[in-house]
Amino acid sequence: MTVSLNNPVSAELDATGLSCPLPVLKTRNAMKELASREMLRLRSTDHGSVKDIESFCNQTGNDLVSSKEEAGTYEFLIRKR
Amino acid sequence: MNMADLPTDGPELDKMNEWFEKKFEEEMKKKEAAHTPSMAIIATKGTLDWAYPPFILGSTGAALGWDVKIFFTFYGLLLLQKEMNLKVSPLGNPAMPMKMPMGPEWLQKMNMPMPNAIPSIVPGFETTATALMKKTFKNKGVATIEELRELSEEADVEFVACQMTVDVFGFEHSDFIDNVSYAGAASFLPVAQKADVTLFT
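So the protein sequences, as listed, match chains E and S. Read in order, the letters of the first sequence correspond to residues 2 to 82 in our numbering. Read in order, the letters of the second sequence correspond to residues 69 to 269 in our numbering.
In isolation and in its complexed conformation, chain E is listed as follows (with noise of 0.2 angstroms):
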């Protein structure tokens, strides 16, 4: 995927549908695969994933650069540390 300032997301990873704790582990698992400073977009659609992905980045020391909900989707930007 190309990097630019218009799309700043190195990649995405689609947790629609999953409960938890598979959307935590996965991203932790799509997180292993960026380089440092790059930038994972993750949708979900468990609730428990706002506290739960908020928390995961606090723990590993990733930054949550925005976490927002439309129609019961979730988006979270996370860029790793």
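It is worth saying that the hints were derived from the structure and are not from the lab. Where hints are given, some of them may not hold.
Taking lysine-lysine and the DSS-like style, the derived pairs with C-alpha atoms no more than 30 angstroms apart in a straight line are [claimed, not checked]:
{"no.": "1", "chain 1": "S", "residue 1": "208", "chain 2": "E", "residue 2": "52"}
{"no.": "2", "chain 1": "S", "residue 1": "98", "chain 2": "E", "residue 2": "81"}
{"no.": "3", "chain 1": "S", "residue 1": "150", "chain 2": "E", "residue 2": "33"}
{"no.": "4", "chain 1": "E", "residue 1": "81", "chain 2": "E", "residue 2": "69"}
{"no.": "5", "chain 1": "S", "residue 1": "167", "chain 2": "S", "residue 2": "177"}
{"no.": "6", "chain 1": "S", "residue 1": "113", "chain 2": "S", "residue 2": "155"}
{"no.": "7", "chain 1": "E", "residue 1": "81", "chain 2": "S", "residue 2": "99"}
{"no.": "8", "chain 1": "S", "residue 1": "99", "chain 2": "E", "residue 2": "52"}
{"no.": "9", "chain 1": "E", "residue 1": "27", "chain 2": "S", "residue 2": "83"}
{"no.": "10", "chain 1": "S", "residue 1": "167", "chain 2": "S", "residue 2": "208"}
{"no.": "11", "chain 1": "E", "residue 1": "33", "chain 2": "S", "residue 2": "98"}
{"no.": "12", "chain 1": "E", "residue 1": "52", "chain 2": "S", "residue 2": "150"}
{"no.": "13", "chain 1": "E", "residue 1": "69", "chain 2": "S", "residue 2": "208"}
{"no.": "14", "chain 1": "E", "residue 1": "81", "chain 2": "E", "residue 2": "52"}
{"no.": "15", "chain 1": "S", "residue 1": "167", "chain 2": "S", "residue 2": "155"}
{"no.": "16", "chain 1": "E", "residue 1": "69", "chain 2": "E", "residue 2": "27"}
{"no.": "17", "chain 1": "S", "residue 1": "155", "chain 2": "E", "residue 2": "27"}
{"no.": "18", "chain 1": "E", "residue 1": "52", "chain 2": "S", "residue 2": "97"}
{"no.": "19", "chain 1": "S", "residue 1": "99", "chain 2": "S", "residue 2": "83"}
{"no.": "20", "chain 1": "S", "residue 1": "262", "chain 2": "E", "residue 2": "33"}
{"no.": "21", "chain 1": "S", "residue 1": "113", "chain 2": "E", "residue 2": "81"}
{"no.": "22", "chain 1": "S", "residue 1": "206", "chain 2": "E", "residue 2": "33"}
{"no.": "23", "chain 1": "S", "residue 1": "99", "chain 2": "E", "residue 2": "33"}
{"no.": "24", "chain 1": "S", "residue 1": "91", "chain 2": "E", "residue 2": "52"}
{"no.": "25", "chain 1": "S", "residue 1": "150", "chain 2": "S", "residue 2": "177"}
{"no.": "26", "chain 1": "E", "residue 1": "27", "chain 2": "S", "residue 2": "206"}
{"no.": "27", "chain 1": "S", "residue 1": "203", "chain 2": "E", "residue 2": "27"}
Covered stretches of chain S (chain E as the covering partner; in silico rule of three or more C-beta atoms under 8 angstroms from a C-beta of chain E) [what the hints assert, rightly or not]:
{"no.": "28", "stretch": "122-129"}
{"no.": "29", "stretch": "204-210"}
{"no.": "30", "stretch": "215-227"}
Ideal Cβ positions, reconstructed from N, Cα and C, are used throughout, including at glycine.
Using the hints provided, position chain S relative to the given structure of chain E.
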């Protein structure tokens, strides 16, 4: 400066205490940042429902960057079998709130507490309950136990089996997946002592 020259009262002492507190806090913060949290879990149950907590918490702990060890003992050993054939029993489990995972919507929304008296006399009831639970979990996007176990292994969760219960139940090491070590209580307790989180499941 030697100890005898240190101030014992007055503004000099206050200054020194202030310096010490600040320095101490800094050092503790450094230590905390360098510390990898650890978790020791005991898994004692071998039914499909109770197989979830150790694997969910173990895999998630590892995903958070923690060192995780799970000790499998008694019926928890079933969770290490190469071929797991875990079942859930509604017998003696009256709180199990299951809903129909198929059929029309009104039926799926209906609460059907598992009858507690029937299972012991109806053959195949446990198999039915197990199938319903698996189907419900799948519909809700919950991982299978096999999947969670694999994710745990991938994330370097350590599996330890209790050798005493392996012997008691007549298991062979070859019944279990490769990624298992064997030990006893004296190995678990020192690990638990040092762990930040210890859980019994």
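Here is what the structure says about each hint:
{"no.": "1", "hint": "S:208 to E:52", "in the structure": "19 angstroms, holds"}
{"no.": "2", "hint": "S:98 to E:81", "in the structure": "21 angstroms, holds"}
{"no.": "3", "hint": "S:150 to E:33", "in the structure": "28 angstroms, holds"}
{"no.": "4", "hint": "E:81 to E:69", "in the structure": "18 angstroms, holds"}
{"no.": "5", "hint": "S:167 to S:177", "in the structure": "7 angstroms, holds"}
{"no.": "6", "hint": "S:113 to S:155", "in the structure": "11 angstroms, holds"}
{"no.": "7", "hint": "E:81 to S:99", "in the structure": "23 angstroms, holds"}
{"no.": "8", "hint": "S:99 to E:52", "in the structure": "26 angstroms, holds"}
{"no.": "9", "hint": "E:27 to S:83", "in the structure": "51 angstroms, violated"}
{"no.": "10", "hint": "S:167 to S:208", "in the structure": "12 angstroms, holds"}
{"no.": "11", "hint": "E:33 to S:98", "in the structure": "25 angstroms, holds"}
{"no.": "12", "hint": "E:52 to S:150", "in the structure": "35 angstroms, violated"}
{"no.": "13", "hint": "E:69 to S:208", "in the structure": "22 angstroms, holds"}
{"no.": "14", "hint": "E:81 to E:52", "in the structure": "18 angstroms, holds"}
{"no.": "15", "hint": "S:167 to S:155", "in the structure": "17 angstroms, holds"}
{"no.": "16", "hint": "E:69 to E:27", "in the structure": "19 angstroms, holds"}
{"no.": "17", "hint": "S:155 to E:27", "in the structure": "27 angstroms, holds"}
{"no.": "18", "hint": "E:52 to S:97", "in the structure": "25 angstroms, holds"}
{"no.": "19", "hint": "S:99 to S:83", "in the structure": "24 angstroms, holds"}
{"no.": "20", "hint": "S:262 to E:33", "in the structure": "28 angstroms, holds"}
{"no.": "21", "hint": "S:113 to E:81", "in the structure": "37 angstroms, violated"}
{"no.": "22", "hint": "S:206 to E:33", "in the structure": "27 angstroms, holds"}
{"no.": "23", "hint": "S:99 to E:33", "in the structure": "25 angstroms, holds"}
{"no.": "24", "hint": "S:91 to E:52", "in the structure": "34 angstroms, violated"}
{"no.": "25", "hint": "S:150 to S:177", "in the structure": "36 angstroms, violated"}
{"no.": "26", "hint": "E:27 to S:206", "in the structure": "17 angstroms, holds"}
{"no.": "27", "hint": "S:203 to E:27", "in the structure": "22 angstroms, holds"}
{"no.": "28", "hint": "122-129", "in the structure": "holds (count 3)"}
{"no.": "29", "hint": "204-210", "in the structure": "holds (count 3)"}
{"no.": "30", "hint": "215-227", "in the structure": "holds (count 4)"}
Hint compliance for this structure: hints 9, 12, 21, 24, 25 are broken, all remaining hints hold.
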